[in-house]
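All chains should be modelled from the sequences, with the hints used to inform the complete structure.
For the protein sequence lines, the chains are L and R, in the order given. Under this note's numbering, the residues of the first sequence are numbered 1 to 419, in order. Under this note's numbering, the residues of the second sequence are numbered 1 to 141, in order.
Don't take every hint at face value.
Have a look at the derived ranges for each label pair, beta carbon to beta carbon [said to hold, decoys possible]:
#: 1; chain 1: R; residue 1: Ala55; chain 2: L; residue 2: Thr253; range: 52 to 58 Å
#: 2; chain 1: L; residue 1: Gly32; chain 2: R; residue 2: Ala116; range: 37 to 43 Å
#: 3; chain 1: R; residue 1: Arg97; chain 2: L; residue 2: Glu258; range: 24 to 30 Å
#: 4; chain 1: L; residue 1: Glu175; chain 2: R; residue 2: Pro21; range: 39 to 45 Å
#: 5; chain 1: R; residue 1: Arg110; chain 2: L; residue 2: Arg51; range: 27 to 33 Å
Please keep in mind that the hints were generated in silico from the structure rather than gathered at the bench. Cβ coordinates follow ideal geometry from the N, Cα and C atoms, glycine included.
The residues making up each chain are set out below.
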Amino acid sequence: MTADINRSIDAIWKIESARVISGLTRIVRDVGVAEDLAQDALVAALEEWPRSGLPENPGAWLMAASRRRAIDVLRRKKLQKRKHEEIGRAIEALQGVPPEDPGADGGVGDDILRLVFMACHPALAPEARVALTLRLVGGLTTGEIARAFLVPEPTIAQRLVRAKRTLTEERVPFEVPRGGELARRLSSVLEVVYLVFNEGYSATAGDDWLRPALCEEALRLGRILAELAPDEPEVHGLVALMEIQASRSAARTAPSGEPILLFDQDRSRWDYLLIRRGLAALQRTEELGGARGPYALQAAIAACHARARVAEETDWPRIVGLYETLTRVSPSPVVELNRAVAVSMASGPAEGLKRVDALVSERSLKSYHLLPSVRGDLLFKLGRLDEARAEFERAAKMTQNQRERDLLLKRAGECRVSN
Amino acid sequence: MRFMMLMIPKGYEKAKPGTSPDAKAVAAMMKYNESLQKAGILLALDGLHPPSMGARVSFPGGKAKVTDGPFPEAKEVLGGYWMIQVKSKEEAIEWARRCPGSENETIEIRQVQEMADFPPDVQKEAKGFAEMQSKSAKSRK
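Have a look at this one:
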């Protein structure tokens, strides 16, 4: 029974924590203090609920409990640097405002959006933003974040402490940025969400090709953002991209754990509910005039694949066109490499290889295993097997992912057999 | 994990054709639906017309037999569903608890089967299932 109720409390915490922490941050103006107060309320719930049963409205209970703690803390003037009147105002605010009605009004949502912008502030390093967002907005424990990113728990704990300290020291305001600032800050938020997604989608290290929990969390964060900032085309663009990529999860790995590339995937195993949602989000982006945003373009490319019932039906010329636009909007050697792949599919491996060869001297791709991997594939298709094998072997040495290494070595072996 | 929250409104088994819920109840339910959407967990939802507008096909002795609704023997019928994506059954239960349900309503929570839940032989036979979901989804639009 206790175990059951603890699992329920855990579930409630995951649902409520962002709301509680953001509501408290609005009042105490310090996200670290707010989080501590919310944690205290959780501890109180863990003590009380197993005895009394779950309250009728657990969200309101947690909020009320943490407000009481906040008043205590403020009264004892634990916030040393604060001025007298400021504390007085905060206490008044805490006593005056009735507990929020969970599930109601935009006010709560606005607080969560402020919290997201705070956690994703550019004053923090990307990995700190990621950890803080998962912790404060996603409601993940330090241990869960550590396991997901394959780093020791104390590392994450320290990262979180430093991040919160930085936010306090830099006096990062609890607000949604406006005007020109909004675009820059929003792109930082979207970057964090997509980093989380990619960490789950293509684990950069370790044995697991997929860490689906991170993908799901990123998708959830993206969907929340789409509700909170419905007029921002790139938010929908990112959601579209993640929905469509996630739709392939079940088809991306063989039962043995080996990765299956897009063209070889059994498309009947794609998740068409997610594809439908992704295409709808993409349409939303286009309606908002955001078709040329970097996420929207990547989503549009993913959509080309999603719409093709079999790999042979893929509209490669359209994909090449989308990549052309993407290289102008957000140029990067990785995008160039992807464009080269698309060109090879639209116009043949020789054309593709020309473009890949132009990238070989690119310094930023020096340790990027997909460059020799792609080059190997094109050489293989052109029948230049010895060169292909050398490239596959080079790529295998470069990748951090065990499953991917196995696949590359297998392909290198095939060059020998065909020889 | 995906769960269906199946809404079972007592009395709906006897509802007249064209019965629709009253505006006040819909308003409350919409607020709830919004809270699911704002939490980023709502994947799909639908409401169903009463069984008096439907039919049942049963197979006595392996032969199809059609009975038009309403179905006097039915004690419980579906009124609609939500499909949600959450981390645990407990979380699904927690969301269901928040529904502004009335005295006569029950929500049943059922986990959606995924291909990976099946043994290999069943997986093999069910190949193409997801694709069918897509086609039905497209034709629904």
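Structure-based check of each hint:
Checked against the hint of 52 to 58 Å, the C-beta distance between R/Ala55 and L/Thr253 comes to roughly 42 Å, which is inconsistent with it. A hinted range of 37 to 43 Å for the beta carbons of L/Gly32 and R/Ala116 is consistent with their spacing of about 40 Å. Distance hint check: the CB atoms of R/Arg97 and L/Glu258 are about 42 Å apart, inconsistent with the given range 24 to 30 Å. For L/Glu175 paired with R/Pro21, a C-beta distance near 40 Å keeps the hint of 39 to 45 Å intact.
Between R/Arg110 and L/Arg51 the C-beta distance comes to about 31 Å, which sits within the given range of 27 to 33 Å.
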